[in-house]
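Asks: Could you build the full structure based on these sequences and the hints that come with them?
Here's the letter readout for the chains.
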Amino acid sequence: MRFSGFSVLRNALTGQSGWTPHWRKASPKPAYDVIIIGGGGHGLATAYYLAKEFGVTNVAVLEKGWVGSGNVGRNTTIIRSNYMLPGNIPFYEFSMKLWEGLEQDFNYNAMVSQRGVLNLYHSDGQRDAYVRRGNAMRLHGVDAELLDRDGVRAIAPYLDFDNARFPIQGGLLHRRGGTARHDAVVWGYARGADARGVDIIENCEVTGFRMDDGRVVGVETTRGPIGAKTVGMAVAGNSSKVAALAGLRLPIESHVLQAFVSEGVKPLIDTVITFGAGHFYISQSDKGGLVFGGDLDPFPSYAQRGSLSTFADVTENAMALMPMIGRLRILRSWGGIMDMSMDGSPIIDETPVDGLYLNGGWCYGGFKATPASGFCFAHLLARGTPHPAAAAYRLDRFATGRVIDEKGVGPSPNLH
Amino acid sequence: MRIPCPFCGPRDVIEFTVHGEARQRPVFEAHELDTPAAREAFVDYVYLRDNPAGLHVEHWYHGIGCQSWLLVTRDTRTHDILEVAYAAGEEEPAPAVVRTMEVAS
Ligand SMILES: Cc1cc2nc3c(=O)[nH]c(=O)nc-3n(C[C@H](O)[C@H](O)[C@H](O)COP(=O)(O)OP(=O)(O)OC[C@H]3O[C@@H](n4cnc5c(N)ncnc54)[C@H](O)[C@@H]3O)c2cc1C
Ligand SMILES: [Zn+2]
Numbered sequence: 001m002r003f004s005g006f007s008v009l010r011n012a013l014t015g016q017s018g019w020t021p022h023w024r025k026a027s028p029k030p031a032y033d034v035i036i037i038g039g040g041g042h043g044l045a046t047a048y049y050l051a052k053e054f055g056v057t058n059v060a061v062l063e064k065g066w067v068g069s070g071n072v073g074r075n076t077t078i079i080r081s082n083y084m085l086p087g088n089i090p091f092y093e094f095s096m097k098l099w100e101g102l103e104q105d106f107n108y109n110a111m112v113s114q115r116g117v118l119n120l121y122h123s124d125g126q127r128d129a130y131v132r133r134g135n136a137m138r139l140h141g142v143d144a145e146l147l148d149r150d151g152v153r154a155i156a157p158y159l160d161f162d163n164a165r166f167p168i169q170g171g172l173l174h175r176r177g178g179t180a181r182h183d184a185v186v187w188g189y190a191r192g193a194d195a196r197g198v199d200i201i202e203n204c205e206v207t208g209f210r211m212d213d214g215r216v217v218g219v220e221t222t223r224g225p226i227g228a229k230t231v232g233m234a235v236a237g238n239s240s241k242v243a244a245l246a247g248l249r250l251p252i253e254s255h256v257l258q259a260f261v262s263e264g265v266k267p268l269i270d271t272v273i274t275f276g277a278g279h280f281y282i283s284q285s286d287k288g289g290l291v292f293g294g295d296l297d298p299f300p301s302y303a304q305r306g307s308l309s310t311f312a313d314v315t316e317n318a319m320a321l322m323p324m325i326g327r328l329r330i331l332r333s334w335g336g337i338m339d340m341s342m343d344g345s346p347i348i349d350e351t352p353v354d355g356l357y358l359n360g361g362w363c364y365g366g367f368k369a370t371p372a373s374g375f376c377f378a379h380l381l382a383r384g385t386p387h388p389a390a391a392a393y394r395l396d397r398f399a400t401g402r403v404i405d406e407k408g409v410g411p412s413p414n415l416h
Numbered sequence: 001m002r003i004p005c006p007f008c009g010p011r012d013v014i015e016f017t018v019h020g021e022a023r024q025r026p027v028f029e030a031h032e033l034d035t036p037a038a039r040e041a042f043v044d045y046v047y048l049r050d051n052p053a054g055l056h057v058e059h060w061y062h063g064i065g066c067q068s069w070l071l072v073t074r075d076t077r078t079h080d081i082l083e084v085a086y087a088a089g090e091e092e093p094a095p096a097v098v099r100t101m102e103v104a105s
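Protein sequence lines correspond, in order, to chains X and Z. Numbering-wise, the first sequence is residues 1 to 416 according to the working numbering. Numbering-wise, the second sequence is residues 1 to 105 according to the working numbering.
Errors might be hidden in some of the hints.
Per the computed footprint, the stretches of chain X lying under chain Z, defined by three or more beta-carbons under 8 Å from a beta-carbon of chain Z, are [stated by the list, open to error]:
1. 161-167
2. 198-206
3. 302-315
Chain Z is nowhere near these chain X residues, computed Cβ spacing over 10 Å in every case [as the list claims (entries may be wrong)]:
4. Trp19
5. Glu103
6. Leu139
7. Asp143
8. Gly151
9. Ile155
10. Ser240
11. Ala244
12. Val265
13. Pro267
14. Gly289
15. Pro298
16. Met342
17. Thr385
18. Ala399
Using C-beta positions, here's what the derived DEER-type ranges look like [what the hints assert, rightly or not]:
19. Z:Arg23 with X:Leu146: 38 to 46 Å
20. X:Phe161 with Z:Pro10: 38 to 46 Å
21. X:Gly208 with Z:Thr73: 26 to 34 Å
22. Z:Glu21 with X:Arg383: 46 to 54 Å
23. X:Trp66 with Z:Asp34: 49 to 57 Å
24. X:Leu139 with Z:Asp34: 21 to 29 Å
25. X:Trp66 with Z:Arg2: 33 to 41 Å
26. X:Arg153 with Z:Glu83: 35 to 43 Å
Just so you know, these hints were derived from the structure itself, not from any lab. Quick reminder that beta carbons are idealized off the backbone N, C-alpha and C, glycines included.
Replies: Below, the structure is given as structure tokens:
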């Protein structure tokens, strides 16, 4: 079933009776060429590109719950390519280019909306830092514009420009950034992978690895053992737990990040805004709710709920940036478990165990990375060599000193 | 979340700073520092973590309180705190600030 304006119209006239399930409910076969652990955005995108770009179709995605139940269905949906360091810029720009063609590519409406991402600055020093970042982006062909106060005022007149402590001086605008509908990204990749023969197996938790002479030859699961020539882990906040099943310790700590949504209001914020004096970011969903978030909880956590003190901090930031938000009621809050790496950058690499590959350490910026992460991981699984855009995301970079520390805070995962 | 500080009693988590898994820093003589063994031990110490879903022993610092370094045993699945002790194993914290505060009150 292909989606088109015509199919929407035809179904509108025939009582919406022509739609079929987007993917099969597959049961495990005895063995596959490639098994991907984790049916989040990255796992599904990997399967999709393996089948579509690299011709590897004997693939299973094993998901312990249902697809999209992890972080990919919990994030604040911001996509952007405003990174500064050499290892990062090409990767995130590759991802942005894939976002720009994604809906045509997988024939699914992911509601990719390039409504812009505006990072505010509140001091001269911060302005200089954004000039530097903007220049680095432009040198790599990424769009960036430095706005002064009036430039920001034209976009968001309702902000508290004269806040006594954090007056807004301007902002760095990345127009090609924006948002995408996270669930639709999951469904689009799942549907596209399934159509090319990939088995998406839900309620199937990986509980161990089958090894032969130091090499992975399959996995143990709650639905029985399954053989595989190659196994890729893409389990985000559970990376350490799954890697431990193969005896590995990772440069990763798991933390909970919360997000919040307000009651729906009329169109108000038509871009993504980040506060520069604290950690706070906000956008508006198409249903009208303001979607926002801030810092993670500072202590390691596997509980998918956040603490009240972090919530208080987020709302204080909100009030400092746009006091009118105090009139809104918050509808919901939720949390997801982030795989915080030691330098704030991800890992897409082989592991010391033969046949076992790792995709993890996404911190809280992995949604925007979904297309490129899937593409590069598929490249690695199919060819055994890193894709050039992800060549810096090595697992051994911590030992070799080639860390990619965008924020410059050192090996404190809760600060990235 | 409240942490029962052995000196101050139960206090809100915002008074504390967490400094991650409590681990023993590798010990090497100066002349051994530039050896593969030392490098491996330090890479492990600085960058690698067990990151368990379950009991986790952590360093916390009671900055807006008695300024003690604490060893907190916490369940990362439930956020329950099972045990709190002084990190250095001493009976009472030593920082001067605490004494001053006592004099002032
Ligand atoms: C509140 C919040 C806000 C965020 N905001 C943004 C944002 O605005 N922009 C952005 O770019 N990023 C954001 N992120 C980060 C982004 O969501 C993640 O980095 C990204 O989704 C992680 O990759 P994933 O989609 O594959 O993870 P997940 O969706 O978590 O997928 C991993 C899957 O693995 C499964 N799994 C785990 N263990 C096993 C096992 N043993 N066997 C089988 N399956 C297993 C899990 O059930 C899960 O479904 C946010 C995250 C959160 C929580
Ligand atoms: Zn105390």
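Asks: Checked against the structure, which of the hints given earlier come out wrong?
Replies: Of the numbered hints given earlier, those the structure breaks are 1, 2, 10, 11, 15, 16, 18, 22, 24 and 26, listed in rising order.
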